[in-house]
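Top to bottom, those sequences are chains W and G. Using this note's numbering, the letters of the first sequence correspond one by one to residues 591 to 736. Using this note's numbering, the letters of the second sequence correspond one by one to residues 198 to 266.
By construction, these hints were calculated from the structure, which means they are not laboratory data. You may find that some hints are simply not true.
Below, in silico cross-link-like pairs of lysine-lysine (DSSO-like), each with a Cα-Cα straight-line distance of 30 Å or less [as the list claims (entries may be wrong)]:
(1) K660/W with K202/G
(2) K682/W with K660/W
(3) K208/G with K249/G
(4) K202/G with K682/W
(5) K202/G with K249/G
Predicted model only: the values in this text are computed from it and were never measured.
Each chain, written out:
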Amino acid sequence: MVATDIEERRDRLQITMFAGITAGSGGLALQELCKMIGLEGAPVVVLALLSLIGWLVFAIATIRMTRIAKAGGTGIVLEDERRDQLRAESLKFGFVGVMAVQCLALMGDQVLDGLTALPLTVSFVATLSIAVGVIAGLGRFVYLNR
Amino acid sequence: MSGEKLRNTLKVHRAMRDWTQAQLAEHAGVTRKSINAIERGHFVPSTVLALKLAALFEVSVETLFQLPE
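Turn these sequences into a full structure, and let the hints guide you.
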């Protein structure tokens, strides 16, 4: 297998990982939202299933990605300064996303509490922060690396 | 990424040697996408990589990379 094939395969896997983590962490955050608003039954089960499938897809793609990374031993370059720069940029983007969610949650808590008497739960804000962080970070990387 | 832009003649020199982006990437020790990004002006390489590329084509860095006017 030549370097270009490996690069393209890795890029496709990155998109799969992104899709998996979006479904996994997004599903988890939505489940917490359902709990917060008192919604139970079928929607929660569907979200739990979606989240589980997402994490499974993410895990399989990560394992396959690790196998590809081992191709580095054959002299094929898979990491370089451009990827390092993209990674740093993506991490920054993810961090800004998490901070934005935290700030909005702080403000939203005050507004929601006043309007609906429905305070934001810690577990919802935590899962939402994680979801936004990983989706924004990985999504930014996939976008910049296209 | 930084907003800095750099004009380059990488594609011309590569064509003169009849190298593909993948071949140049292999020689320079970077990924093919990086070569593509440099050629399109989307990525400004480090000094080390610029020197490496210039050495590969046996030209000066200034011949390969120029600041936009």
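Here is what the structure says about each hint:
no. : hint               : verdict
1   : K660/W with K202/G : violated (34 Å)
2   : K682/W with K660/W : holds (27 Å)
3   : K208/G with K249/G : holds (15 Å)
4   : K202/G with K682/W : holds (21 Å)
5   : K202/G with K249/G : holds (19 Å)
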